[in-house]
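Engineer: Kindly produce the complete structure, drawing on both the sequences and the hints.
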Amino acid sequence: MRTASDEDTTELAAARTPGAAASGSLLQVSGLHSGYGNLPVLHGVDLAIATGQTAVLLGLNGAGKTTTAQNICGSLKTWAGHIVFDGQDITRWNTKRCVGTGIVMVPEGRRVFPGLSVGRNLQVGAWSQRRDQDWVDQQLEQVLTYFPRLRERLNQLAGTLSGGEQQMLAIARGLMARPRLLIIDEASMGLAPVIVKDVFDIVRRINADGVTVLMIEQNVGALEVADVGLVMERGRVVRTLVGDELRDRSAVSEALMG
Amino acid sequence: MSATTVRPSAAPRDLGAAGTPRANVEAQSERLTTGGVAARTAVLALALGAVGVIPLLVAPLTRNLLATTAVYGMVALSLNVLVGYTGQVSLGHSAFLGVGAFGAGFVLTQLALPWFVGVAVAVVLGVAIAALLGIVALRVRGLYLALVTLALAVFAERVLFGIEPLTGGGAGQTAARPAWATGDLAYAYVCFAGLAFAWLLDWRLTASKAGRAIRALRDSERVAASWGIDVTRYKLLAFVTSGAMAGLAGALFASITEIVSPITFSFMLSLSFLMMVVVGGIGSRVGVVLGAALYTALPFILDAGAARYGWFPVDGSAAQVIGALLLLLVLVRFPGGLAQLFAPLIRWCSFKPMRSRHGAASATAGGGSDVRP
Amino acid sequence: MSASTTDRPAPLEAEVDVPPTGDGSGDRAGLSDRLSRSVAEHRVGLIWSGAVVVLAAAMIAAGMDVGAMLVNGLGAGAIYAMVALGIALVYRATRVLNFAQGELGTMPAFVVVLILLGGDLDGFVDPAQVSFGQMLALTGLAVVIGASMAVAVNLFIIQRLADSSPVTSLVATAGVALLLIGVQVVAFDLQSRTFPQFFSGSIRILGLRFPSHTLVIACVLAVASVLLVGLFRTRLGVALLASAQDPFAAELHGVSAKAMSSLAWGIAGGLAALGGVLGAGVFEGITPGLMTTTFLVHAFTAAVLGGIGSPAGAVAGGLLLGQVSAMANTTTVGLGISVPNAPTLAAFVVLLLVLGFRPLGLLGKEA
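Protein chains in written order, with my numbering: chain H, 1 to 258; chain R, 1 to 373; chain E, 1 to 367.
Fair warning: there could be bad hints in the mix.
[To be verified] Listed below are the simulated SDA-like cross-link pairs for lysine to any residue, each with C-alpha atoms no more than 20 Å apart in a straight line:
1) Lys96(H) / Phe124(E)
2) Lys77(H) / Gly336(E)
3) Lys77(H) / Leu236(E)
4) Lys258(E) / Arg92(H)
5) Lys77(H) / Arg130(H)
6) Lys96(H) / Thr287(E)
7) Lys209(R) / Asp230(R)
8) Lys96(H) / Leu236(E)
9) Lys258(E) / Arg130(H)
10) Lys352(R) / Leu341(R)
11) Lys258(E) / Gly100(H)
12) Lys96(H) / Arg235(E)
13) Lys96(H) / Val333(E)
[To be verified] From chain H, some residues computed to sit far from chain E (all C-beta separations above 10 Å):
14) Ala48
15) Lys77
16) Asp132
17) Pro148
18) Gly174
19) Lys197
20) Arg204
FYI, nobody ran anything at the bench for these hints, they're computed from the structure. Yeah, the Cβ is synthetic: ideal placement off N, Cα and C, and Gly gets one too.
Structural biologist: Quick look at the structure:
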């Protein structure tokens, strides 16, 4: 899915921070402070995600997971700290620039466009790629292969879809924006376990096809599909879980409760 | 704010957010010293005295203008009850003023009844129209209500006030002054008394349980209802109070020039009232009256400026331009208006202890804040 | 998006949308099925229309000049529709009731006068001297001015108030209207100036005498409506709708809320300018505050009648309200009842009736 512009960015990035390209780290967040209005929420978040990984940002309500995500995708102002994406410092970037460089967030609560059809929702998702209509057509096919149920409902109003279908649509819409890093915020919220399993399966497939995924979750089950688990508590990442730790129930509960 | 538009968790910045009385709650625990009380009383007495003496000092021709300012102050106070306390915007207060004016005029001239009867009728009419409007307000949301009030203003000006048998049509309606206050000076004091009455009424209202209930409606009616507040009753009460004040103002207004015609009560006048309230400071008694004073004084300030500093000489309509600019400026940058500007002074005069440095700073922090003080 | 303050399913919160016509619902029901469903949905609107038709018949029977009434109604209604269209567009895109929709039109019209007068603020235009070509060019300029002003209002004021309640934005637009009227008065005094039409005179069609100007307005309205429908089928139009429905989500996919809202406001400003030029032409004269004093309340009523946020509804509402106003005029005059300003009375009554019985309007729909 790489284009000429992607390669330019990587070369420039390599020139800027040789270490980053070498270690395969796609996203590096260091010392992030942020919040809403006068209310601070993040007190120095540090995390790193390598290209091709599925990372899960785990934590309870109020831990600052969504705030972190919003900082990464440019919709919330960073007070202090740095966000480096593919070697480029994107701390001060707004959403539009972040989307342009391949950081796409699927927001909490799905937030599909209720008055537009499924097809039109996807069309809007591809807005940043509208100059490359061939790619868009191709991606649309790809996305409908991931989500066959959406293909059936292409002309249906998004507001009339079920919760699970809307979640699928939201992810599909995000994919239409050509993400290198797809951030999925609370995908499993309010969905039946069977649907949640479907969502996680999709995440596996997307990841396998080359998209780095960052999932924001309260649901520990998300660790099943994760390569790295980042546990957040009160505005900081307090624990990083890798490899076997992710499957080890006791390590996980200790990280969350301890 | 380089971040993009909607931040899902940010509290909305609404009309009057900077002027909520809630800010005063925490500071009540402190007490004033005897000296503090004495100082404030002295200053307030002096101020009131100064204001009271103004009509005697100004040129005779300006006395009617003072009367008009006082009346506009009353209307501003009445509008503040709706906009500041309940959060309902009215673009139609010119209609209330007109209803009061024409009502009083009709009673005084056509029915030849005493002046106080005219005033009473004006108040009753104001209350009636306001009650009807309040009933509409129960059914529709704020934006639609604003539309209805606008339509009311236009309807009143073009249709209602055009009914000749009631209002004299284009020729206008006469309204004589009371026999005991026929002179400009005396009548100016009558209007001042009216303003004082409206002020007192507003003061007692806000201090009462009813007042607190009404103000609870502004933030969220649903929340207020969950606290057991009878939304219907208090909403109607707010409207009725507003209508009564405005009707009274109308009666006084009619007798300033002793003749009123429909064209005075246009929606433009309504917008001017809104401007007074917004620029003065939504939710602040002192603020909105200052706003009214500013509105009437503005043409003179501009004229004086043109004469002394060689500013571009303009007529009264420039005042409207400046007023509108102030309105926009306040909305976008200084939501608290004049009241915010004079906040420390107003606080001192209200017999409240001055806040600590930290408290004061966070409360008066600039207009762009999205956290309520 | 705005803090909800009542428990009722509030009218203005309901999502109002033009049904995705071209898309279809994927449901291949027969024509008669769809027709009967459509009738059931719109039965209130049909009842009203039916009542209007019956009234018209009664009036003809009573000897009133219904023909002239229809023509007058069209002339007024088309302007109402044009202003209402702008209001609906802005509301749909940014959830703001634009009180300045009228003055965004009067200002460019005054600029036209200024140019025709060659900068002489005190002069009077001789409409006969103005050629069609001149009018066309000046109208084009007016549209650009109107659009630019509207975009400026959006970027400098409305977007800054994005976190506030819609009522605050309404008050802000009222302030803009006040400002613009003030500027007009400062520049031109309260004097009425003459204003040219595209074509003067009238044409006879189907036995009715139509002022040429009325036909011009109707044509412009038709073209504008068609263009808008076309817009909402393009990628850009869809992005605009998306941004209107959920600006945050749209932003996450690279659709700039500022750009989309500016687009909507720009179009509305252009429509306002057209309304201003054509509206002034109706009276062949222009005064400060013309569009607001003469048309704004009616336009708002029309927008509410048609379903606020629905462009199609705005047009339908405008035309319908035009007829109702003309009918009010004709009946009161014909019956000899002296009612001051019957059209305004009619508009007020219509507004109250709509809000009382069908707040969503004729073409408004629940989400």
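Engineer: Now tell me, hint by hint, if it's right for this structure.
Structural biologist: Verification of the supplied hints:
| no. | hint | result |
| --- | --- | --- |
| 1 | Lys96(H) / Phe124(E) | 51 Å, violated |
| 2 | Lys77(H) / Gly336(E) | 68 Å, violated |
| 3 | Lys77(H) / Leu236(E) | 28 Å, violated |
| 4 | Lys258(E) / Arg92(H) | 19 Å, holds |
| 5 | Lys77(H) / Arg130(H) | 27 Å, violated |
| 6 | Lys96(H) / Thr287(E) | 45 Å, violated |
| 7 | Lys209(R) / Asp230(R) | 12 Å, holds |
| 8 | Lys96(H) / Leu236(E) | 16 Å, holds |
| 9 | Lys258(E) / Arg130(H) | 19 Å, holds |
| 10 | Lys352(R) / Leu341(R) | 17 Å, holds |
| 11 | Lys258(E) / Gly100(H) | 17 Å, holds |
| 12 | Lys96(H) / Arg235(E) | 18 Å, holds |
| 13 | Lys96(H) / Val333(E) | 60 Å, violated |
| 14 | Ala48 | 23 Å, holds |
| 15 | Lys77 | 14 Å, holds |
| 16 | Asp132 | 13 Å, holds |
| 17 | Pro148 | 16 Å, holds |
| 18 | Gly174 | 7 Å, violated |
| 19 | Lys197 | 25 Å, holds |
| 20 | Arg204 | 23 Å, holds |
This entry does not satisfy hints 1, 2, 3, 5, 6, 13 and 18, going by the numbered hints stated previously.
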